[in-house]
Structures are given as C-alpha cells and as structure tokens.
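Here is how the chains run, residue by residue.
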Amino acid sequence: MMPLRTWLLALASFSFTLVSAAAHSFENTAIVRTVDLGGSLVHVTTTYAIRALENDATQYVVSIGEEESRSVSWFEAKLKGQSEPLTFFNGPLEPHHGTYSYTVDLPKPLSVNGTVNLVVETVLTHTTYPWPEKATQENDQALKYEGDLLVLSLYKTTTQRIKVRAPAPRIISYTTPEGLDAFATDNLATQAGATITYGPFANIPPSASAEFIKQHQKHIVVHYHYAAPVVEITSLRRSAEISHWGANLNVQNDMVLRNAGPALKGHFARIVHQSQTYFNRIPPHVIPSLTFHLPPGIHSVYYYDLNGNVSTSRLRAAPSVPKAAESKQHSLLELRPRYPLMGGWNYSFTLGWDSPLADSAGYDARTGAYIVGIPVQTVIPGAVVDQAELKVILPEGATDIDVFPPFAPITQHRSTHVTYLDSIGRPAVTLSFENLTDKHSGLIYVTYKVPLSAHLQKPKVVSVAFVTLFLVAFLARRIDLTLSK
Amino acid sequence: MSMSKAYPLPIDISPTTVANTASLVRIVAFLFISGAAIASRLFAVINFESIIHEFDPWFNYRATRVLASEGFYEFWNWFDPTAWYPLGRVVGGTIYPGLMATSGVIYNVLHSLHLPVDIRNICVLLAPCFSALTAWATYMFTKEMKDESAGLLAAAFIGIVPGYISRSVAGSYDNEAIAIFLLMFTFFLWIKAMKQGSALYGTLTGLFYFYMVAAWGGYAFITNMIPLHALALTLMGRFTNRLYVGYSSWYAIGTLASMQVPFVGFQPVRTSEHMGALGVFGLLQIVAFVELVRVHVSSKQFQQLLFVSVIVVGILGTLVIVGLTYKGWIAPWTGRFYSLWDTGYAKKYIPIIASVSEHQPTAWPSFFMDLHFLIFLFPAGVVLCFKELRDEHVFVVIYALVASYFAGVMVRLMLTLTPIVCVSAAVALSSVLDTYIDPVVPDATDGDADAAKKDRSTTPASSASVVELLTDIVTSGSSPSKRTKHARQGIIGLDTRGVVILNALGMLLFFVVHCTWVTSTAYSSPSVVLASHMPDGLHIIDDFREAYYWLRQNTPKDAVVMSWWDYGYQIAGMADRPTLVDNNTWNNTHIATVGKAMSSPEEVAYPILRKHDVDYVLVIFGGLLGYSGDDINKFLWMVRIAQGVWPDEIQEPRYFTPQGDYRVDDQASSTMKNSLMYKMSYYRFPELFGGGQAQDRVRGQVIPNPGPTLDYLDEAFTSENWIVRIYQVKKEDPLGRDLKGANAFDKGKKRKRTRPPVRRRSLA
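Residue numbers (numbering that gives the first Met the number 0), protein chains in the order written: chain A, 0 to 484; chain B, 0 to 763.
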C-alpha cells in the first residue's frame with residue numbers, strides 16, 4: 000500500500016507544476032456533456048473539442064468539481080472515434096482550483112491550432128435518491144438527481160452545452176438555473192422528450208477556479224420517473240479458489256443486496272403483491288428476481304443463504320469456450336430471493352459455481368508460470384457495489400506471485416488460506432474495492448509458479464497419514480498389554 | 000467326523016483359516032451394515048438438503064454453533080437473553096451438553112486436521128454416523144447374549160429399523176442421536192462388568208453412564224434398569240462377588256460423575272427417580288456383608304436369621320426413603336414421571352405435556368410400522384432368553400418387559416423398546432437359522448443328549464429346577480420354540496431346511512423393503528421445508544425459511560417476536576430474534592400468557608403484548624395450502640393452557656359453537672371470531688378469493704366474507720403460500736387515542752371521501 004501512496008504523492012506534486020504551466024496551452028472550442036440518468040449509476044459523457052494554443056501540447060487536464068468527484072467511480076478518456084483509452088493520472092484536490100484534475104496524455108503532440116476531440120466518460124454513483132422517500136406497494140417510483148451544471152475547465156471555453164437525459168420522457172420537474180445570463184445565448188433550459196438541454200453557454204473563462212465556482216457554478220435537481228429497480232450491493236465478498244488437482248476454479252460470492260428504491264410505506268401485504276404478479280403489474284421498486292450473466296462453462300452452481308439452500312432459481316448454462324475466444328453466450332441465472340424485495344429491504348446470500356480451470360488459466364512454458372484471469376465481479380446491470388473484496392486463493396506452495404488488477408485496488412494484502420488436505424496452507428491475495436459499477440468488469444490477472452514438489456505435497460501428506468494409521472493399527476493388534484495370562 | 004451331513008462341506012481347511020475367514024466376513028458384513036445404516040438415513044439430505052430438522056434440533060444446533068465459535072467455557076456460561084424474553088435463560092445449566100460437546104469435539108478434531116467441515120454438516124450427519132456405532136454396540140451386546148452371528152443380525156436390524164431411524168435421520172440433531180448408542184454401549188459394558196466382575200468394566204460403565212447423563216434425560220432408564228437387574232439377580236439367589244464389584248464400581252463412579260452435569264446436580268441423591276439405584280447399592284452392601292459372614296459362620300439358622308434381617312433392613316430402607324420424601328428431603332416424582340403410570344394424568348394436570356404429539360399413547364399400528372416382523376420375533380427371543388436364563392438373559396427379560404410397557408404409554412419411548420426388540424429378534428432368528436443351516440443330521444438320541452448337556456452346562460445349578468420347570472411351561476405354549484425343539488430332532492431333508500430358510504430370507508427381504516419405504520416416506524421430512532407432490536415432480540414449499548429470513552434481514556436485531564412455543568427454537572435459530580416462549584417449556588405461566596394473548600380479543604391482548612415489548616406476532620396458517628399442523632388446529636391447547644392459569648378469563652367451551660363443534664366459519668362463536676389468533680389467521684384471507692367462497696382447506700369450512708379486521712396490529716409480512724403470517728404490534732397512538740377509535744376515525748374519513756351517499760333507502 001505504501002508505495003502506491005508515495006507514488007501518488009509524487010505524481011501530485013509533479014502534476015501541480017505541470018498544470019500551472021499548461022494552463023494556457025489549450026482552448027475548448029466546444030464542450031458537450033450528456034448526463035444519462037439511471038438508478039444507482041449515472042453515466043456522464045463529456046466531449047471536449049480542443050484546440051492547442053502552443054506547440055508540443057501533450058497533456059490535457061480534465062477538471063472535475065470537488066463534490067462531483069466524490070461520486071466518480073470510473074474515469075475514461077478516449078479520442079473521438081477510437082476505442083483505445085488514453086493514459087491519465089489523477090491528482091488530489093487543488094484548493095486553488097477547487098477541482099480534481101485528471102491529466103490525460105494525448106497520443107500525438109498538438110501544434111498550434113491543432114484540434115482534437117476528446118471524449119471523457121465518467122460513471123457517478125450515489126447521486127440519485129428516491130423521491131418521495133417512501134412508496135406503498137401500489138405507488139410508482141421516482142428519483143431525484145442532484146449535481147453541478149457547468150463543465151469546469153482550466154481553459155477558456157467558447158461554447159458548452161449540457162444535456163440531461165432521463166430514461167423515459169416522464170420528467171416531473173427540473174431546475175432552471177438563474178444568474179447565468181452572462182454566458183447564456185439562448186434558452187437556459189429546454190425539455191424535449193426525455194432530454195433536458197442546458198445552454199448553450201458561450202465565452203466561459205477558465206472555470207476551474209474556486210472563485211468561478213463560487214460565483215457561477217449552479218446546482219441542478221432533476222426529478223424523474225424510473226421504471227427499473229434501484230439495485231445496490233452493499234457488500235460483495237468474492238473468493239476464487241484455484242485447484243490444479245481438480246482442474247477447477249471455484250468462485251463464490253457472498254453478497255448483501257439492498258433495494259435502494261423508495262422505502263416501503265406502511266406494510267407488505269402479500270395479497271396485493273400476488274394480484275400485481277397475477278396481472279403483471281409489479282411496480283418498479285419491487286425486485287422479485289435478478290438476472291445474473293455468469294461465465295460460460297460453469298457447473299455445480301449453488302445458491303444459499305444463512306438458512307440454507309434457496310430452491311427458487313433457474314439456470315441456463317452455456318457450454319464452455321476455449322480460452323481467449325470471446326464468448327457470445329452467458330450462463331443465465333435467474334435468481335429469486337426468498338421473498339420479493341420491497342423498497343429498503345435487504346437480502347444476503349451466497350452464490351457460487353465451479354468452472355473448468357482451463358477456461359481461465361494458461362501456462363507459459365517459457366517462464367514456467369501459470370496465469371489466471373479472474374473477473375473482479377459479476378456485473379448486475381445498473382447496480383453499484385459499495386464495498387467489494389476479492390480473494391484469490393492460489394494452489395498450495397505457489398511462489399513468485401504477481402497480481403495485475405485492471406484498475407487500482409484500495410488495499411491489497413497477502414494471507415494464508417487453509418482448507419481440505421492442506422498442510423502448509425495456500426497463499427491468498429486479497430484486494431478491496433469501492434463503488435464498482437458496470438464499467439468495472441475487467442479481469443484480475445495473477446501469475447504464479449508451482450514447483451513439482453508442491454504439486455506432490457497433497458499425495459505425500461495423505462500417504463503419510465494413512466501409513467501412520469495402518470502402522471498404529473498394526474502395532475495395536477500385535478502388542479500385548481495384558482499383565483497376566 | 001463320522002456324523003452324517005445334510006450337504007457337503009469342504010473338509011481340509013485349517014481352523015486358523017476358518018477363524019480368519021469368519022473374522023473377515025464379520026468385518027465386511029459389519030462395514031455393509033454401517034453403510035446401510037448411514038445411507039438409509041440420508042433420504043432427507045438427498046430429497047431436500049443438508050438442513051437441521053424440526054424444532055428441538057434447531058436449539059441444539061444454535062448451542063453447538065456457540066460452542067464451536069466461542070469455545071467451551073463461553074458455552075458453559077452462556078446466558079441467552081433472547082430466549083424467554085424478558086426472563087432470559089441460563090443455557091449452560093439447563094441443558095444436557097453431551098450432544099453439543101460431542102459435535103464440538105468432532106468439529107475441533109477435524110479442523111485441527113485441516114478438514115474445515117461446516118458445523119452444520121457435522122450436526123446434520125452426527126445421527127447417521129452414531130447409528131453405525133449403535134449397530135456396533137448392539138452387536139457387542141447381542142454377542143454376550145448368544146453369539147457373533149446373532150450379533151450381526153441384531154446390528155443389521157438396529158441399523159435399518161424404522162423405530163430408531165425415526166429419531167436419527169440426517170438432520171435430526173437431537174439428544175437421541177447419540178443417546179441410543181450410549182444406552183446400548185453402557186448396557187454392554189454393564190453386562191461385561193457383571194459377568195466378569197471386572198472393576199475396569201464397571202468403571203467404564205460408570206464413565207459411559209456419565210456420558211449418557213450428559214447427553215439425554217432418558218438416562219433415568221439406565222439408572223433404573225441396572226439396579227432392577229441387580230435386584231432381580233439378588234432375589235433369584237444369584238448374588239455373586241462379580242455382581243457386587245460391577246454394580247458398586249458403576250454406581251459409585253457413575254453417580255459421582257453424573258452429579259458434575261449442572262442440569263442434574265444433586266438429583267441423584269435428592270429425587271425419587273434415582274432412589275432405586277441408591278437402595279440397591281445399599282442392599283448389595285448388606286448382602287455382601289451377609290455373604291462375608293456366611294463364609295465364616297456356617298450355621299444354617301444363622302443364615303436364615305441374616306436373610307430375615309436383610310429383608311427387614313430393606314423394608315426399613317424403603318420406609319426411610321418414603322419418610323424423607325414426605326419430609327421433602329427427596330423430591331417427589333415429577334409430572335412427566337406420573338404420566339408414565341397414568342396416561343390420563345397429563346391431560347388433566349399438565350396440558351403442556353399432553354399437547355405434545357410424541358407424548359401420546361402409542362397406537363397399535365405404529366408397532367408394526369416401526370418394527371415390522373421384529374415385533375413377532377421379539378417374544379420368541381425373550382422366551383429363548385428365558386429358557387437359557389444366564390445372568391445376562393435376566394437383563395434382557397427385564398428390559399423387554401419394562402420397555403414394552405413404556406413404549407405402550409408414550410410414542411416417544413418406542414425408541415427405548417427398539418434396541419431390545421432388535422436384540423431378541425436377532426436371538427430368535429439366529430437360533431432358527433443355526434438350527435436349520437447346521438449341516439449335522441443327528442439321530443434322535445444324539446440330539447436329546449446334546450440338548451440336555453447344554454442345559455446343564457449353562458444354567459446355574461441352584462436354580463436349574465425352576466428354570467426347567469419354567470422352560471417346560473413356556474415352550475409348551477410357544478410355537479417358535481416348539482418348532483425349534485421339534486426341528487432339532489427332525490431336520491433331515493434339504494427340503495425342510497430350504498422352506499424354513501427361504502421363509503426367513505423372505506421375511507428379511509420384506510423387512511428391508513418395509514424399512515426403506517417407511518424411512519423414505521414417513522421419517523425423512525425436515526418439517527422446516529415442506530414438499531408437495533405435483534404431476535410434474537416435487538415442489539418445495541419453503542415458507543418457514545422465507546418468513547424467518549425476512550425477520551432476520553429486515554427487522555431490528557432486538558425486535559421481540561411472539562409466537563406459540565413450538566416455533567420458538569426455529570425463530571431463535573433461523574430468524575435470530577428474541578422470543579417470548581420456546582420449546583424448552585420450563586415456565587408454564589409465561590406460555591399461558593402467550594396463550595392468553597392469542598385467545599383474547601385484540602383490546603385485551605394489546606396491553607399484554609405491549610407489556611412484553613412484543614414487536615412482531617407470528618402465526619402459522621395452513622388454510623390456503625391445506626397444511627394441517629397450523630396454529631388454528633393447535634389453538635385449543637393454547638386456550639386450555641391459558642385457562643389453567645386464568646380460569647376466570649379464558650374458558651374453553653366458549654370457543655365452541657353451541658352444538659359443541661370447533662368451527663371457524665360463520666357459525667363460529669363470537670369469542671372464537673374475536674380472538675387474536677382467529678383474526679391474524681384469516682386477516683384478508685377471503686379477499687384472496689375475489690367474490691368466491693373463501694374455503695379453508697384444512698378445516699373444509701367457508702370463511703365469512705368480509706373477513707376479520709385488525710385495529711391493534713398491522714400485517715407486516717405473509718409468506719408465499721400464506722403459511723407464516725407476521726404482524727407488527729402498533730405503538731400507542733401519538734394523539735393518545737385508543738387505537739380502535741383512531742383506526743375507525745381514519746377509515747371513517749376515507750369512507751366519506753370516496754363513497755357516494757346511499758340514496759335508495761326509500762325502495763326498501
């Protein structure tokens with residue numbers, strides 16, 4: 000952990016000097032931001048049309064306001080029309096600017112007046128909340144989104160426009176900002192269908208400054224109907240156990256599920272729920288079941304909670320695919336909690352499965368190392384995972400362990416895990432994450448070596464145990480302990 | 000060997016080979032028996048899952064989890080504030096910890112060997128594993144009675160007999176799971192101690208007796224069986240030093256050890272159930288002293304004098320015990336004990352005991368159901384034991400008589416009868432098979448001589464004449480033994496042998512089929528999870544766990560749940576919430592309070608609920624699905640128990656119709672209809688049927704529409720098939736109104752707003 004922090008600190012001081020130096024190297028000819036409202040997650044796509052004012056401009060700084068950055072759980076920058084994400088580093092809060100800066104490396108240095116379109120995607124979590132806060136079983140579900148309006152930038156902006164897109168045209172209300180007349184060219188806010196457009200706002204000076212934010216930044220609230228449940232996984236503990244003898248990868252998830260929609264008002268009446276089910280009119284804030292897309296080729300799926308097996312689920316398993324081949328199929332698990340989840344209700348459960356190790360592991364004959372790819376999480380579309388912990392349990396006696404997570408974990412530590420037939424225990428790596436979204440779907444790659452002697456550890460232990468047992472029995476039969484005949 | 004053989008046998012085999020082969024065959028047979036015993040108990044796991052069954056096992060499981068996770072001393076000092084709210088329960092001092100300690104030891108041993116088996120699986124599989132040990136203990140016991148082949152038969156019988164399986168299927172994690180093994184093993188050790196006069200075996204008997212005391216309340220059976228045996232032997236004139244050594248070492252060590260169990264404490268010297276053992280202990284000391292004196296003084300008159308004085312001292316001892324009982328030094332017999340003698344006693348005085356179905360007298364068919372053909376062979380085996388009547392056979396005879404009586408009194412005690420039935424049936428069947436398989440074809444004189452020799456060698460000379468007399472009487476009236484005797488003289492043809500052996504094999508085969516069928520259909524249901532057979536297969540009805548899990552996940556951790564005591568342990572185990580009463584029915588008044596709340600009208604029940612901090616009330620309702628074990632069917636017991644404490648307020652007859660029927664439809668009495676239980680069961684039930692008739696499928700009656708309304712409770716949760724219904728107790732009205740009035744006010748306002756005024760009055 001320590002190296003990561005010092006690394007960040009070094010970067011921060013480095014970026015600070017860079018940022019101040021680079022403040023006049025670009026200008027934004029246009030910024031378009033699209034805010035896609037959802038349940039737990041809000042996807043924000045911002046396109047910066049940038050023009051270089053200096054030669055050899057290579058680093059563009061994206062600024063995100065203090066409040067907004069607290070809910071940013073995913074940041075990705077690309078050039079428009081390209082799929083390769085650009086490298087970036089993020090610095091700490093700069094009190095002078097009142098923003099966090101994400102410094103993006105442009106692939107090619109720009110010369111004066113050179114232009115490029117930069118697309119920045121962020122995912123915000125916990126920026127919506129149910130309103131009204133409570134709903135009866137018959138009521139509909141509506142959410143409120145709260146956030147900042149203007150896109151902040153270190154550079155001068157010619158024009159910018161913000162679109163807020165609700166999932167359906169049923170928008171109850173939205174804020175019309177005041178006091179932006181200095182920049183406004185047309186209507187401040189217009190609604191067309193499911194989209195509210197703010198702006199365009201023109202001739203905005205460099206806005207990533209505490210002073211500008213204080214004077215001009217506006218807070219908007221959008222109140223909209225949302226027709227899908229708001230799913231929140233408050234805790235996910237995943238353990239992946241690699242067994243070479245069994246050629247098996249076991250993945251087990253202990254999850255705590257919460258319906259983050261409006262809390263149930265009054266009480267749960269089964270008769271109402273049954274008639275809603277019968278007429279297929281279940282309100283959106285009730286979760287009767289969840290669908291999981293599990294990897295192909297899995298078998299022996301188990302689903303239980305603290306009270307034992309839950310028999311209300313259905314699985315359609317897809318056949319396994321060779322490694323590295325992209326699978327078009329998923330094993331589809333329709334998982335039903337023991338009871339329908341009303342707003343604010345919790346449900347904790349364990350879901351696990353076995354899969355052939357060959358589907359996710361390989362052997363590098365050159366280095367003699369095994370490499371295994373393990374997904375960080377099983378994505379539930381639209382759900383946020385508040386706390387996640389992934390434990391990768393390697394075979395007994397594994398050495399030279401290296402872990403390559405797809406994005407930086409909060410903490411990472413090694414431990415020893417002891418299970419069946421282990422003598423010295425298995426090395427395990429635990430990584431913890433926060434606020435995972437549907438973008439956090441990468442694989443954690445772990446490489447390790449297992450010497451032959453470690454492979455033979457288990458048969459050795461078992462043989463010794465049995466030989467001891469037989470010897471004891473053999474001696475016990477033959478040693479006569481009677482005092483007299 | 001010049002004797003004629005019925006069929007050829009290989010001759011040139013050394014005796015060592017024969018002995019080794021026999022030993023191997025026994026081991027293999029025993030492995031198969033263990034396999035069958037364990038496998039036949041796994042129906043519940045295969046059909047359902049690895050889950051703890053029924054009611055009491057849930058408490059044992061919960062206690063075991065505390066033991067496994069917190070350690071033994073924490074468990075020993077465990078005070079459970081969530082049970083019997085607000086009283087709490089000192090768990091360590093009110094349980095038999097043997098079962099939990101056994102699981103805890105197994106758990107720790109396996110974990111130290113790096114076998115991290117889940118504690119639940121240990122608990123689920125404990126009973127099947129111990130049934131294999133029971134088979135072994137029964138084998139050892141029967142071997143002492145007859146021989147190894149009878150032992151193997153007995154082991155096979157006890158392994159799969161439904162009477163024992165009923166209490167030891169996988170998941171039935173109750174004291175009986177290990178107690179039957181301990182019972183049989185203690186008896187085996189006692190027989191050994193008594194036969195050999197070995198202080199070592201006597202001590203072992205005492206130690207296993209201690210284990211039994213720590214494991215099951217039924218230890219009193221051993222406490223009285225061994226003294227009874229010793230007394231019978233003494234009265235039969237068979238007092239020996241071996242008996243003296245065996246009994247004294249058992250009693251001294253066993254009693255002292257048993258007093259270490261906190262739940263037992265000083266009972267072995269203070270209660271009537273234990274006085275027999277103490278009395279016999281004293282008697283044996285006197286008899287031993289008399290014997291000692293007799294060795295030194297050889298006057299016949301003096302002996303008689305001593306004999307008389309023994310009787311006098313015996314009577315005096317009894318009087319002293321009776322006197323102490325009257326003075327209160329020795330506690331009189333408990334209610335449960337009385338109900339063993341008078342089956343109507345419990346119903347009259349302790350309804351809480353009578354309300355348990357396993358305390359009812361046994362119905363005749365269940366003897367056949369639980370024991371199949373063993374019940375026919377059982378008397379034959381007892382008679383055979385009577386015929387031989389060595390010291391250990393006296394034990395079998397006494398055990399058979401006592402256990403038969405108790406099994407008739409209480410369904411539950413079928414369990415103690417089962418082992419002895421297996422033993423004596425095995426003795427009988429093995430005798431038949433021995434006779435008919437024995438290749439030697441004797442001539443008549445040879446057979447007679449053989450039989451006579453056997454009689455002489457095995458029966459003690461002192462009582463030989465009595466035994467012979469008795470044998471004659473018994474055999475003349477008993478057909479199996481007569482057949483055996485006749486057969487001894489007349490089995491010459493292979494056809495005769497074939498018929499009998501095939502018949503025996505056929506019976507064994509039917510026995511196996513019957514056991515498998517009974518086990519799979521009757522005894523392998525967890526009762527926590529229900530199954531219904533539909534045309535497209537087995538459907539799992541999981542309402543209990545659904546509702547308990549809802550409580551666990553969505554109510555505050557300290558929310559107090561009131562339910563009838565049957566569900567107390569399950570709520571504590573699965574929902575992890577405090578309960579008012581549970582299956583440890585130690586406080587009758589508390590249970591009666593719950594009964595009163597359930598059977599009173601809402602406004603009477605509400606103060607009771609509030610005073611006990613009740614947040615949720617849970618009822619079981621089977622009317623939608625036809626689940627007959629629901630609370631409306633148990634309701635009369637609640638009424639009776641409440642009536643026992645508050646005879647002025649609750650009266651059973653008021654819950655019946657004027658015709659004396661127990662009804663829930665529109666003819667039901669108003670007391671019934673206003674009771675909290677009725678209202679909670681049928682709340683919004685008729686709405687489920689739209690305009691149709693709301694049929695209660697358990698009672699086959701139509702519930703009046705509109706159904707009952709609730710003013711003091713809110714429906715909080717109802718499970719998928721309506722089996723479990725949970726209600727939340729409302730807090731007092733914030734405006735200080737009476738809740739009924741507040742509710743009417745709310746409804747009245749709504750009605751005025753929504754309904755147009757009625758204008759058609761003039762038509763009527």
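Derived by calculation from the structure, the hints in this document are not laboratory data.
Be careful, since some hints might not be right.
Examples of chain A residues toward chain B, derived with CB under 10 angstroms [stated by the list, open to error]:
hint, residue
1, V255
2, Q273
3, Q275
4, A464
5, I478
Every residue gets a Cβ at the ideal spot worked out from N, C-alpha and C, and that includes glycine.
Hint check against the structure, violated hint numbers in rising order: Hints 3 and 5 not satisfied by this model.
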